[in-house]
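Trainee: Single-letter residue listing:
There are 4 protein chains.
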Amino acid sequence: MTSAPTVAPAAASPAAASPAVTALPFKVRDLSLAEAGRHQIRLAENEMPGLMALRSEFADSQPLAGARIMGSLHMTVQTAVLIETLVDLGAQVRWVSCNIFSTQDEAAAAIVVGRTGTPAAPAGVPVFAWKGETLEEYWWCTNQAFDWSAEAAAAGDTFTGPNMILDDGGDATMLVHKGREFELAGAVPDALPTDTYEYTVVLDLLRRSLASSGDRWTTIAADIRGVTEETTTGVHRLYELAAAGELRFPAINVNDSVTKSKFDNKYGIRHSLPDGLNRATDVLIGGKVVFVVGYGDVGKGSAEALKGQGARVIVSEIDPINALQAAMDGFQVARIESVLDTVDIFVTTTGNQHVITVDHILGMKNLAIVSNVGHFDDEIDIAGLERVAGAEKVEIKPQVHEWRLPNGRSVLVLSEGRLMNLGNATGHPSFVMSNSFTNQVLAQIELFGSPENYPVGVYVLPKILDEKVARLHLDALGVELTVLTPSQAAYIGVPVDGPYKVDHYRY
Amino acid sequence: MTSAPTVAPAAASPAAASPAVTALPFKVRDLSLAEAGRHQIRLAENEMPGLMALRSEFADSQPLAGARIMGSLHMTVQTAVLIETLVDLGAQVRWVSCNIFSTQDEAAAAIVVGRTGTPAAPAGVPVFAWKGETLEEYWWCTNQAFDWSAEAAAAGDTFTGPNMILDDGGDATMLVHKGREFELAGAVPDALPTDTYEYTVVLDLLRRSLASSGDRWTTIAADIRGVTEETTTGVHRLYELAAAGELRFPAINVNDSVTKSKFDNKYGIRHSLPDGLNRATDVLIGGKVVFVVGYGDVGKGSAEALKGQGARVIVSEIDPINALQAAMDGFQVARIESVLDTVDIFVTTTGNQHVITVDHILGMKNLAIVSNVGHFDDEIDIAGLERVAGAEKVEIKPQVHEWRLPNGRSVLVLSEGRLMNLGNATGHPSFVMSNSFTNQVLAQIELFGSPENYPVGVYVLPKILDEKVARLHLDALGVELTVLTPSQAAYIGVPVDGPYKVDHYRY
Amino acid sequence: MTSAPTVAPAAASPAAASPAVTALPFKVRDLSLAEAGRHQIRLAENEMPGLMALRSEFADSQPLAGARIMGSLHMTVQTAVLIETLVDLGAQVRWVSCNIFSTQDEAAAAIVVGRTGTPAAPAGVPVFAWKGETLEEYWWCTNQAFDWSAEAAAAGDTFTGPNMILDDGGDATMLVHKGREFELAGAVPDALPTDTYEYTVVLDLLRRSLASSGDRWTTIAADIRGVTEETTTGVHRLYELAAAGELRFPAINVNDSVTKSKFDNKYGIRHSLPDGLNRATDVLIGGKVVFVVGYGDVGKGSAEALKGQGARVIVSEIDPINALQAAMDGFQVARIESVLDTVDIFVTTTGNQHVITVDHILGMKNLAIVSNVGHFDDEIDIAGLERVAGAEKVEIKPQVHEWRLPNGRSVLVLSEGRLMNLGNATGHPSFVMSNSFTNQVLAQIELFGSPENYPVGVYVLPKILDEKVARLHLDALGVELTVLTPSQAAYIGVPVDGPYKVDHYRY
Amino acid sequence: MTSAPTVAPAAASPAAASPAVTALPFKVRDLSLAEAGRHQIRLAENEMPGLMALRSEFADSQPLAGARIMGSLHMTVQTAVLIETLVDLGAQVRWVSCNIFSTQDEAAAAIVVGRTGTPAAPAGVPVFAWKGETLEEYWWCTNQAFDWSAEAAAAGDTFTGPNMILDDGGDATMLVHKGREFELAGAVPDALPTDTYEYTVVLDLLRRSLASSGDRWTTIAADIRGVTEETTTGVHRLYELAAAGELRFPAINVNDSVTKSKFDNKYGIRHSLPDGLNRATDVLIGGKVVFVVGYGDVGKGSAEALKGQGARVIVSEIDPINALQAAMDGFQVARIESVLDTVDIFVTTTGNQHVITVDHILGMKNLAIVSNVGHFDDEIDIAGLERVAGAEKVEIKPQVHEWRLPNGRSVLVLSEGRLMNLGNATGHPSFVMSNSFTNQVLAQIELFGSPENYPVGVYVLPKILDEKVARLHLDALGVELTVLTPSQAAYIGVPVDGPYKVDHYRY
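Residue numbers (the numbering used here), protein chains in the order written: chain A, 1 to 507; chain B, 1001 to 1507; chain C, 2001 to 2507; chain D, 3001 to 3507.
No wet-lab data here; the hints were simulated from the structure.
Derived EDC-like pairs: lysine to aspartate or glutamate, alpha-carbon spacing no greater than 20 Å straight-line:
1) C/Lys2501 with B/Asp1503
2) D/Lys3131 with D/Glu3198
3) B/Lys1501 with C/Asp2503
Just chain A, with the same shape it has in the complex (with noise of 0.2 Å):
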């Protein structure tokens, strides 16, 4: 694939590089596809003041001027907002989407052409994604955007990949520590029995890549300046490689910013979880007895929804100071198993497993309604489901499921167990991908500025750039926001521009 590094997919084959791959879903040059992408990119423009606000500051100023961004984030059209932005603010910029099934073509295909740009002559950012990907294709794919040599030779330098990964969940990250590691032992070890398949894949590129060259890990790793991670999971990772002390680059963990957890989890589920149940089934929500297991900030937010729509909401938690939360907010806190056979509604939101049991399940309201906003597939236990003598699933429609239960009732299913929010829904709305692209961008300007602040480590957002994000949305919402005197700012003893709270400060 290193002769056309500045087109999409539909010219990009992955052919070569995995017998497995054969077809490409979307042709760039159908100019349509591009052309809906680019409407409903502007439309979310006006949803992203954030980023926009990005753009008019540092027009001038090209703060990744010079930065190489390799970026691995679902391909939505929200993520054609913020890869124009990077562009905007001077970077160079090749892209995957870090899930097989999460890109829309339309937004991928309008990146690709680009703002001036037509599918013959494409003007945009190579996007090596497309909706539906096999595990191979995924990491051929995630391997062509470490692939820089066309940037290369178009600029009549010598590097080959990226100098900055924008990341969410590690995958690309994790490539870069894991080519490098294995070059220096000079070999790819076999896949263990217990490995799992897709870490066979991975593996299967790397021995490739090592037979084509001994150091092309190793000198990307040295390249880069940093990572801006986007997820818990992927900041987990990270944390682990620092604790190991096996980092080879900073990272910003973009996940810990208030403008992004508590807008994320709160603020986007609020929004996104009465629409997956709706979109699902139709059921009203007023009236109905909804069990919502956990009271973080999902659980808030999804709590606080459910209300909205005169839900009586039932509460379950494991941590006594948010069960006193709950309780003080106004809902019954009770054990799944006190009210099982009264609720309509469950909605899991903890990131734990198996909050939702079979017997749970079993015990269940004919036709009551099962659907996970928490984060992992096994919040609910599908698989245990499936293992049920005598349950049937019956597709009603796409991710809704009636389980027929051996007991003679029914129970429906949303996303099979997965996000509902993303399955039944359509993720969270573009305002609040604003404010966690906005950190983002901002994290990159930091790493990539300013790399003498941020020796090998894990960091969060200075808290400054963290109310930056919240400040650059506040005009869209018609926010008029108060300016201390510098004698108010002295009498509390903050500047008069922030930051403004202590870090443990808990809003």
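Position chains B, C and D against the provided structure of chain A, taking the given hints into account.
Mentor: Chains B, C and D alone, transformed into the frame defined by chain A:
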């Protein structure tokens, strides 16, 4: 079409009746369509406890035995549960939709096939309705539902039409009255230049009818014991007929039952307004400024739903009492002109015309969302917008249009200014419709079973039956009702079993 | 008391009328009392915009010129604003309280002194009311307010009594009717053993009256153009009189104006219920389980207030419609027995008797709080509690009693089971009373100014005036009202200036 | 005062210590005062489940046996429950209030008398506190609580002071540190002209102390194992001492426990803000426009409470993150100047100065209400208001003043600009204080029982104990806590019994 009264449109070609009709969109012999409908009916039954309770209560007594009900009401999944309830109470039924677009074909197919039939041997109810009828087809269908000759033949009887009407909007009732009027006059008048096209279709139909029979409608009018009417519009027509002394049979105004109007309007809209906004735009509602025009029941439901999603709601009102209620409920009450350029989302709920004018639209923020959940198409002056020189309408997706204005800004108009809870969402949920339809069934039983109590006139359902409708929906929500002791009942002067309130009680 | 009609109780000793009356609790010549009252009146005026608007509107036209209003209504600061409004519209007024405990002495003093008077030279309205009257004093006061001989003398006229009554509870109206009845009969009957003590006081008073004049009440009854009645109880009496053909003058039922009943009941209680709980107990409401008996307007206001403080509210209902509303508003609806031992605070809102029984009380948690905002003293069976052997009543502070039960637990009973929003808080806030009292003034103007429109009977205020009451309260809340265009008004068939709704509209 | 350590101020005349002190306001031998206090303590125990649970848990182990706790914290009914809990855990205690006005005399009396004592033979804890102390009396009291010679004599020991401090605001801790500092210096300095009067009182006290002993405070400082501090202010002082290397013993910052700060600030204020408004003004909150300055925890609680009463809440913020939270929660966010003349009620919640200035006050509506629930007296510029020529302050009732402004308008200022939840209401409810005080007791146990874990420094309570505080309050609210399975705990990497969250978790 007299030869096949028990089959559905697929076999029941209206071609003979109207040359304009050349094809029917669904085939009942498409078993999968009927099966899908049956599936949805089963799920809907779970959400329509009022109707299911009536089936149990009246399984033995069969209060509608002998009733021949001609129903004219949107042929949806919920209506399917209504129809089968009427049948289970002993009625014979023929059905049409009351709207050319609202039929859910799978529901129609399932009803025609029936619970024990097959496409080849339908055992259900004759339904004359499909999604996307022409006006000629619509009135041909309505006419078919009045032709009960096959049922008469099967019964060895001589009736020609129904003895009950279940109406939504009053088209069926109007047809009988007009048909009789022209039969008495001996001629159908020519259409006037000011008549709508639809009325010319009705006149043509009645002209053909008069040519073949001079007393068909007169006979039907005499046979009908009464009509139960679903909507404001239909009720309005009935009161006009009654006031003019022209009403031919008693009518029950189902629309003004508390369990219909309050529940449809407030709780139905609370559910479907945010649903429609989400499906149409995916815009985060939280933090947005929303302007709700009107604070009647629909406005109250709208405001509550949007507040529950974290929007800042501003309300406008013409009635000072409702305006004061809005203020006491914590909402800003302002004229639209005062806040025009701060609003992100407009929602009209009035039933009046031009509550959003072209001037208003030209003063809105870029990409403001404009939507209607009131009633009439002209709440938003779309016709005026179409006349604005330089305004351009771009379809974002079905039922979502960007209007690019000559001032350089755009607005997003949902459902072309028509009811967005229907156009962008799926209308009222089953549980809400269960309340409305339980009123319908009880009203049918009243008029059919106790005609002596209902001289020609327009009635609301007795409060005791309104209370019964509510009563039948309590168990499904886990509600425990308290029972008065005899001495408590005596103390407040009501029967133990109700009715409990004076007629003017406001709930 | 004929010698000093323009002075207040301090000078108006009831001693001659009743040997039981020996002292008056306040002296108008106590200038500080009147001054304190004047101060509070001025603050209340700011919260009673409806009454203040009427003063402006009718300053010139003086629609009550010639009216001689006998008012019988709690002599509070808010009533003071009402009285001075009546005076400013041209009326002459004499006043009594309608309750032996409810007078605020400083308000009475201020009204007697008047806005330009001094204690030595009062320029205000004769008020016969003080906090803590005996029943003899109460009826003596009421009788005084019917004696207009001083005013007649001053005017050189021959009338003996008022020509209008403004009533709360119907005592004044009852006295006129009973007085006339006994005059016609020529004798006042002896009290029966089953009569209440209060009725014997009334009979004594009328017996003395009959001894001195055979036609005093007959004349008064003939002079009175009408009565405007404030409360449910008084309205009930009026409808009974009308039904029996015994009503002697027309009556306007102010109680059922929307701006009275809905506002008093819902918004008044929403304010004063948590206020009363706080003043009585200082118990944190957040997180508590509260049981609200009844979901009428008072129950709705109660539930909303407690939910707003973070309580978990459970509701009980006997009416299935209201029960369904409660469920749709997100509340658990349960019988009291089902949740008895989980509830921290009980609130009754029904107007029925024994909705909390002794058995209920014996099943409650230790130190559960039991309170009533309904109407009648026997909503909670306090009389039964007093008969429980071994139960002990301990005063914690005035209006807060701990009942130590034989089961070893205690409950806290507020206001001895009477209305706790009066006993533990301060009743309805001025703004709420402004709505009620603006209705009163408009009703007085109607009956006095347009007697031809009101043959003897009981009326509600025309909807246009109900709307006017609301209208006069909008500016104070910053509410901007939208005005219909003439074409919009025509479209929905209402006048531009209202009334806007059909009579059975439920708000 | 060495002769009567077990008796209260009534017997413990400070006259010898300070010539300014001549009388004590209450007599413990007033049995009714102590009885009333005991009554209130018993009711408060029902609302303080955390403290009561500690009594049960530690009844046998007596973890505070040997602890000599000097407590300096508002001597209220809730504090009485705290004191008796400390005693029940084995501690000896001496107590003073930390504020000259906050003592509830009946609580102090009850504690002195003790649970088994009589006024003549007190069996309780020496309390040196009464409502309305002078500054001389205040510091005399504080000094008394450090004098443990009577306890030493009774125990046959030689200690002179406490070995633990429980502090609120840091006065006790400051006295020890200053006393020791001056002893080391050998002299107490003269007051400077810039010193506050209160500091001169402290210097006088220490000068007298130094005259009688050269090492009293040095010895006490060495004996003290640690201090647990309640408030922001006290914690701030501790961090300053620690930063300067001058802290003499370890300290636990109780203020920043989640169960203290989040609960006090948000849920405490949610309760007491509307309570204070009601008691002060009786103004209907519903429909009013309320301006809340600041959207931290106190602002969040304020906004929620007022919204729950039907007010329209406008918020101002200086921190863009909190501003964005306010917007996402549905509130208008504006600068005070933008909406000044539309606001009915102002509430400050910031802890900053002059957030309401004289200019603001001069621009307000007539009779706008101005109140502070933040912290410092100068949030509202009352001092500036006092300097406005022509402004007149009129007392409506205690803690409620009308300021008549030269512009002809008035404003109502509550509690003279100080904390109105204390001045106009009754402060935090017992349940909230139970959370705070359970933290205090656990912190005392930690420092006293495990001094090896706490080298000199400032600590927050371990999260597991913060969780325990919450845990002890769940049963009282009927909360059922869910328990992790071992595999679930392993899956998310936490112990089954907690702690459950990372330190920076925001709740």
